[in-house]
Amino acid sequence: MAQQALGLIETIGYATAVSAADAALKAANVRLEAVERVIGVGGMLGVTVHFAGDVAAVQSAVEAGKLEASRVGTLVSAHVLPRAHQEVALKVLSRFEAAKTLPTEEGGPTLEAATDRDGSAVSGTEKADGKSKMTEENGQERPTLEKKQRPNPLKPPAEDT
Numbered sequence: 000m001a002q003q004a005l006g007l008i009e010t011i012g013y014a015t016a017v018s019a020a021d022a023a024l025k026a027a028n029v030r031l032e033a034v035e036r037v038i039g040v041g042g043m044l045g046v047t048v049h050f051a052g053d054v055a056a057v058q059s060a061v062e063a064g065k066l067e068a069s070r071v072g073t074l075v076s077a078h079v080l081p082r083a084h085q086e087v088a089l090k091v092l093s094r095f096e097a098a099k100t101l102p103t104e105e106g107g108p109t110l111e112a113a114t115d116r117d118g119s120a121v122s123g124t125e126k127a128d129g130k131s132k133m134t135e136e137n138g139q140e141r142p143t144l145e146k147k148q149r150p151n152p153l154k155p156p157a158e159d160t
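Numbering (numbering that gives the first Met the number 0), first residue to last: 0 to 160.
Keep in mind that the hints are not guaranteed to be accurate.
Claimed, not checked - Heads up, simulated DSBU-like pairs for lysine-lysine below, C-alpha to C-alpha not over 35 Å straight-line:
{"no.": "1", "residue 1": "Lys25", "residue 2": "Lys90"}
{"no.": "2", "residue 1": "Lys90", "residue 2": "Lys65"}
{"no.": "3", "residue 1": "Lys65", "residue 2": "Lys25"}
What the hints assert, rightly or not - Computed spacing ranges between beta-carbons, pair by pair:
{"no.": "4", "residue 1": "Met43", "residue 2": "Gln85", "range": "12 to 22 Å"}
{"no.": "5", "residue 1": "Gly41", "residue 2": "Glu86", "range": "15 to 25 Å"}
{"no.": "6", "residue 1": "Arg70", "residue 2": "Leu44", "range": "10 to 20 Å"}
{"no.": "7", "residue 1": "Ser69", "residue 2": "Val37", "range": "18 to 28 Å"}
{"no.": "8", "residue 1": "Met43", "residue 2": "Arg70", "range": "13 to 23 Å"}
{"no.": "9", "residue 1": "Gln85", "residue 2": "Asn28", "range": "33 to 43 Å"}
No lab work stands behind these hints: they were computed from the structure. No residue lacks a Cβ here, since even glycine has one placed at the ideal position from N, Cα and C.
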């Protein structure tokens with residue numbers, strides 16, 4: 000990402016962040032790199048939207064996103080790193096690289112990758128039998144729990160005949 004700008008818009012609330020991202024992407028030719036959610040002080044949902052692209056485009060996008068975020072909800076901060084150092088860009092965005100579409104084994108459909116609660120990247124793959132499994136970045140299968148069917152408390156139990 001050398002000689003590329005990195006833009007950040009930090010908001011309170013997911014709807015505010017989505018509105019800011021939409022306005023930013025409509026205003027300039029930038030890439031939406033990531034949407035980062037963090038539970039902050041007082042239980043508020045802080046959302047940071049990350050953009051990348053040419054310096055002028057990212058500056059325009061962040062300005063448009065700031066205006067929209069302020070109109071819709073609460074804008075916490077916004078900043079443009081004009082020529083983000085490669086190490087900064089890699090460290091900031093590396094945790095989101097797993098969000099790209101990953102191919103599945105055996106040529107099956109592709110699924111989006113996810114991040115687990117502990118922040119480690121996991122990706123879902125669909126097996127030929129239709130069941131899915133979760134794998135870690137290193138390819139090792141992650142154990143999954145089977146969901147138990149819970150009885151509906153509002154429905155009387157079925158009588159055996």
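To see whether the hints hold, each was checked on the structure:
{"no.": "1", "hint": "Lys25 <-> Lys90", "result": "holds (27 Å)"}
{"no.": "2", "hint": "Lys90 <-> Lys65", "result": "holds (24 Å)"}
{"no.": "3", "hint": "Lys65 <-> Lys25", "result": "holds (13 Å)"}
{"no.": "4", "hint": "Met43 <-> Gln85: 12 to 22 Å", "result": "violated (33 Å)"}
{"no.": "5", "hint": "Gly41 <-> Glu86: 15 to 25 Å", "result": "violated (33 Å)"}
{"no.": "6", "hint": "Arg70 <-> Leu44: 10 to 20 Å", "result": "holds (18 Å)"}
{"no.": "7", "hint": "Ser69 <-> Val37: 18 to 28 Å", "result": "holds (20 Å)"}
{"no.": "8", "hint": "Met43 <-> Arg70: 13 to 23 Å", "result": "holds (19 Å)"}
{"no.": "9", "hint": "Gln85 <-> Asn28: 33 to 43 Å", "result": "violated (21 Å)"}
Violated hints, in rising order: 4, 5, 9; the structure is consistent with all others.
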